[in-house]
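These are the residues of each chain, in order.
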Amino acid sequence: MKKTYYPRLDETLCSTVLPNGLTVLVLPKPGFTRKIAYFVTNYGSVHTAFTMDGKHYTTPAGVAHYLEHKMFDLPGRDVTEEFAALGASPNAFTSYGMTAYYFSCTDNFTPALRLLLEFVSTPYFTEESVEKERGIIAQEILMYADSADSVVVEEMNRGLYAHHPVRVPIAGTVESIQDITPQTLYDCHRAFYHPANMVLCVVGDVDPGEVAAIAEELLPRERHSVAVPDYGPAEPENAVTAVSRQEMDVAMTTFQLAFKCPAPPTGPEFARQELVAALAAEMLFGQSSQLYQWLYEDGFIDSSFGGGEEFGAGTAILTCGGDSRDPEEVRNCILNEAKYLAENGLDQAAFDRVKRSFLGIRFKNLTSFDGTCFRLVAYHMEGCDFFDFPKLFESVTIDEVRQYIADNVRPETCSLAIVDPRGKLKVDN
Amino acid sequence: MIQTINLTPGVVLRHYPDHRFKTAILSVQLLRPMCREEAALNALLSSVLLRGCKNYPDMRAITARQDELYGVSVSPLLRRVGNIQTVGLFCGFLEDRFALPGEQIMAPAFELLRQLLLEPKTVEGCFDPEFVESEKRNLIADIESELNDKRSYAATQMLRHLCDGDSFAVPIRGTVEDVRAITPRSLYEHYQKILRTSPAEIFYVGSASAEETARCLMPLANALAAEPMALPEQTTLNLTAPEREFSETMDINQGKLSMGFVTPVDYWHPDYIAMQVFNAVYGAGMTSKLFMNVREKLSLCYYAGSGYYGSKGIVTVSSGIDECNYETAKAEILRQLQLTADGQITDAELSAAKSAIISGLRSVPDSPRALEGFYGTLYLCGRTDDLRERIEAVERVTAEDVARCAGTLKLHTVFFLKGEAK
Chain C
1 MKKTYYPRLD ETLCSTVLPN GLTVLVLPKP GFTRKIAYFV TNYGSVHTAF
51 TMDGKHYTTP AGVAHYLEHK MFDLPGRDVT EEFAALGASP NAFTSYGMTA
101 YYFSCTDNFT PALRLLLEFV STPYFTEESV EKERGIIAQE ILMYADSADS
151 VVVEEMNRGL YAHHPVRVPI AGTVESIQDI TPQTLYDCHR AFYHPANMVL
201 CVVGDVDPGE VAAIAEELLP RERHSVAVPD YGPAEPENAV TAVSRQEMDV
251 AMTTFQLAFK CPAPPTGPEF ARQELVAALA AEMLFGQSSQ LYQWLYEDGF
301 IDSSFGGGEE FGAGTAILTC GGDSRDPEEV RNCILNEAKY LAENGLDQAA
351 FDRVKRSFLG IRFKNLTSFD GTCFRLVAYH MEGCDFFDFP KLFESVTIDE
401 VRQYIADNVR PETCSLAIVD PRGKLKVDN
Chain U
1001 MIQTINLTPG VVLRHYPDHR FKTAILSVQL LRPMCREEAA LNALLSSVLL
1051 RGCKNYPDMR AITARQDELY GVSVSPLLRR VGNIQTVGLF CGFLEDRFAL
1101 PGEQIMAPAF ELLRQLLLEP KTVEGCFDPE FVESEKRNLI ADIESELNDK
1151 RSYAATQMLR HLCDGDSFAV PIRGTVEDVR AITPRSLYEH YQKILRTSPA
1201 EIFYVGSASA EETARCLMPL ANALAAEPMA LPEQTTLNLT APEREFSETM
1251 DINQGKLSMG FVTPVDYWHP DYIAMQVFNA VYGAGMTSKL FMNVREKLSL
1301 CYYAGSGYYG SKGIVTVSSG IDECNYETAK AEILRQLQLT ADGQITDAEL
1351 SAAKSAIISG LRSVPDSPRA LEGFYGTLYL CGRTDDLRER IEAVERVTAE
1401 DVARCAGTLK LHTVFFLKGE AK
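In the order they appear, the protein sequences are chains C and U.
To convert, note that position 90 of the first sequence is 90 in my numbering; the numbers rise steadily by one, no gaps.
In my numbering, each number is its position in the second sequence, counted from 1, plus 1000.
Incorrect hints may appear among the rest.
A few chain U residues that don't get close to chain C, going by computed Cβ distances all over 10 Å [as the list claims (entries may be wrong)]: (1) M1001; (2) N1006; (3) S1047; (4) Q1066; (5) R1180; (6) L1220; (7) L1231; (8) Y1272; (9) P1368; (10) R1404.
Derived BS3-like pairs (lysine-lysine); straight-line CA-CA distance at most 25 Å [to be verified]: (11) C:K3 to C:K55; (12) U:K1330 to U:K1297; (13) U:K1297 to C:K132; (14) U:K1121 to U:K1054; (15) U:K1054 to C:K132; (16) C:K3 to C:K355.
If you are wondering where the hints come from, they were derived from the structure by calculation, not from laboratory data.
Note that CB positions come from ideal geometry on N, CA and C, so glycine has one too.
Next up, chain C with everything else stripped away, as it sits in the complex (with noise of 0.2 Å):
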């Protein structure tokens, strides 16, 4: 395997891509118990549509999840019983772009990722075992539609795109689930599920060697063609809806605001426009920035308020959300904020201070296995080394990032989402 030691983050990467065309990752740990692995697929909730050996294919919106929670059953067997023999324990979840599937454990390192590459490599659905899980997936969506959180993010989505595929929630809506089968759930294995669309990473005390060994003999030798993923038509510049409001047994009105950015590029520039990009995002109105403490204090935006940028499964945004009086109020101050920085430009020494808090922050986060490995598989993916962070903070001037609010921070690319509280609670008795 490729050892690769980064001299400033005190640790070693090694990485090998086998003839079926898997990415390993291993990020040696000596001296911790804690052990975890993470296997995860290129294909997420919004790969509904795709071409695969010239057949295209059009499948029902939230098919990535109902897989990834179908993916646990094998033949005769209950992985999830085998992980918790093992200690281990498993699970895992679909986001916009990715599936993965992980495991912790501190013994029993090896049997547990023989099991995970086996389960994960192995699709098994019966008609039975399908149908059952759909009134379980149902709950889940009905759980999602009954929390603000979720609903303003949804519908902020739903705002700024007017096509892609993020405009549907990840778990699909109950009506798109009662349409998925066996089949869909065989032709979306075979379209995303083989290992030259995958990675396997895992951080802790193992040897990277015997990692790549057991992934070879595991997994299928061949090579396959990759699935071609259609995302519709290319996006507009602006956003759909500016406001979208809606009422809910809440207790205090909270929103979801976000900026449309154009979709990011592959590569290492992806890494560079996203930190361009949080850059931005801190700078405007992060806690640091003089924005934050105005809207603090005139009570506009309490502790629950957060934001940052948002980059993947080809959509970029700067996004921010929380508690408010007055998101409309709160939306305007930032655009005002916007063209100020704009046209004035943004304070160095500021500026300064927050790549230096930044670099920080990540160094401090590689304290955490989870995280590390996840970042590490996500850059992967996107074709760039997440251990790269130190040196592209060097290179990040204060003019990009003043661009970067200039260009993206309007109100034609704004859209936000709003959730009202509605009457009181009756109690029964």
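Since chain C is already given, all that's left is putting chain U on it; use the hints.
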């Protein structure tokens, strides 16, 4: 291993040396009785302190200082540990070796913490009224927004009834009325009182030596706990509330069921560790009886799980269900408990439960936060068993122990948050 150093008669430093992390952490906890009179004041205090001090008079100045120190994080800390409430600050910072050559992080971070705790911005001898008013608004909004998370709202409603008359029923942040009644003066007087009378626990994880850590903390420690008060004893639940099954209606899609059981097995009971294993077998995690049966086998819900509050001897079960499944789900939850009490526990269930707990305990030393969470509360409960002893105790638990624990549970309160008929 952990070294305990009495910095002053009322201030204890727990020093956990570890060179493996990039982040070091420090928590400062002032110990108070958990009571209605103080809860809102304690909850408000840290957020007011984080609004400004003499040298850094507003949030922007504080954040700028945090940024200069490579993004040191300072957050309010408010915990309930049985009959004790702790209030203070939690701080996470990059280890000095990752700073630019010649720069330090730890010593100036501790100094920042000291200034935030001891030198607040004052106006006419009180806290800045603007800070107090706006943090009161925030705290009230926080308390009111309990309503937004329906799952925890249901659990809270259930526990407030079950624990009526015990400190466990006191809302950790007080009530909206309590917060409204606070003035800059009453908060400042409370602040001076708690600096003077609260015993303090300081917890550090990082690469600095105990001597160095203690030296950097002395300026803070010297200003705390001049007259340390006696804290309330830890006691099991004072059960006075009548048994009850009740409900509320909200405009929601998914109903939230919350059930409360009482048990004599509390933190200080010989079966405490066995009760943790019981909780794992019954309702914690994806191999538990509740998850496997109520969710997987019967598809009655999206989640079903149990929790164990050792400091009060309470087990809770919560589940998200359709209203039409209310009786079925409740019956199944009780049936699974009866099966456990009858000893119907497979070797696989027992060993999975024990492995999960042991794996969790073995992972604690791999994370500064987990270490703080474990030891930061351990001593306050008057237990001294270290991680290794606890792991050994889990290993010894048998199926009979688990069944015996299950048999002690008595259902007391059931709360259901249901959707409006449409």
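Exercise. Hey, is U:R1404 genuinely clear of chain C, shortest beta carbon separation above 10 Å?
Key: holds (23 Å)
Exercise. Could you grab the alpha-carbon distance between U:K1121 and U:K1054 and see if it respects the 25 Å cut-off?
Key: holds (5 Å)
Self-check item: Non-interface label on U:M1001, tested against every C-beta of chain C at 10 Å
Solution: holds (15 Å)
Quiz item: Going by Cβ atoms, does U:L1231 stay more than 10 Å from chain C at every point?
Solution: U:L1231 is indeed farther than 10 Å from all Cβ atoms of chain C, at 29 Å.
Quiz item: Does the no-contact call for U:Y1272 survive, Cβ to all of chain C over 10 Å?
Solution: holds (21 Å)
Exercise. Starting from U:K1330, check that the Cα of U:K1297 is at most 25 Å away, please.
Key: Holds: U:K1330 and U:K1297 sit about 15 Å apart, inside 25 Å.
Quiz item: For U:S1047, which was marked as not at the interface, is the minimum beta-carbon distance to chain C over 10 Å?
Solution: violated (7 Å)
Practice problem: Compare the distance between the alpha carbons of C:K3 and C:K55 with 25 Å, and conclude whether the hinted pair is satisfied. | Solution: Status violated; Cα separation ~40 Å.
Practice problem: For the pair we were handed, C:K3 and C:K355, check the Cα-Cα distance against 25 Å. | Solution: violated (29 Å)
Quiz item: Is U:K1297 within 25 Å of C:K132, Cα to Cα?
Solution: Holds, at about 9 Å.
Quiz item: Holds or violated: is the Cβ of U:L1220 farther than 10 Å from all Cβ atoms of chain C?
Solution: holds (22 Å)
Exercise. Over 10 Å to the closest beta carbon of chain C is the bar; see if U:Q1066 clears it.
Key: violated (7 Å)
The structure is inconsistent with the numbered hints 3, 4, 9, 11, 15, 16, although it conforms to all the rest.
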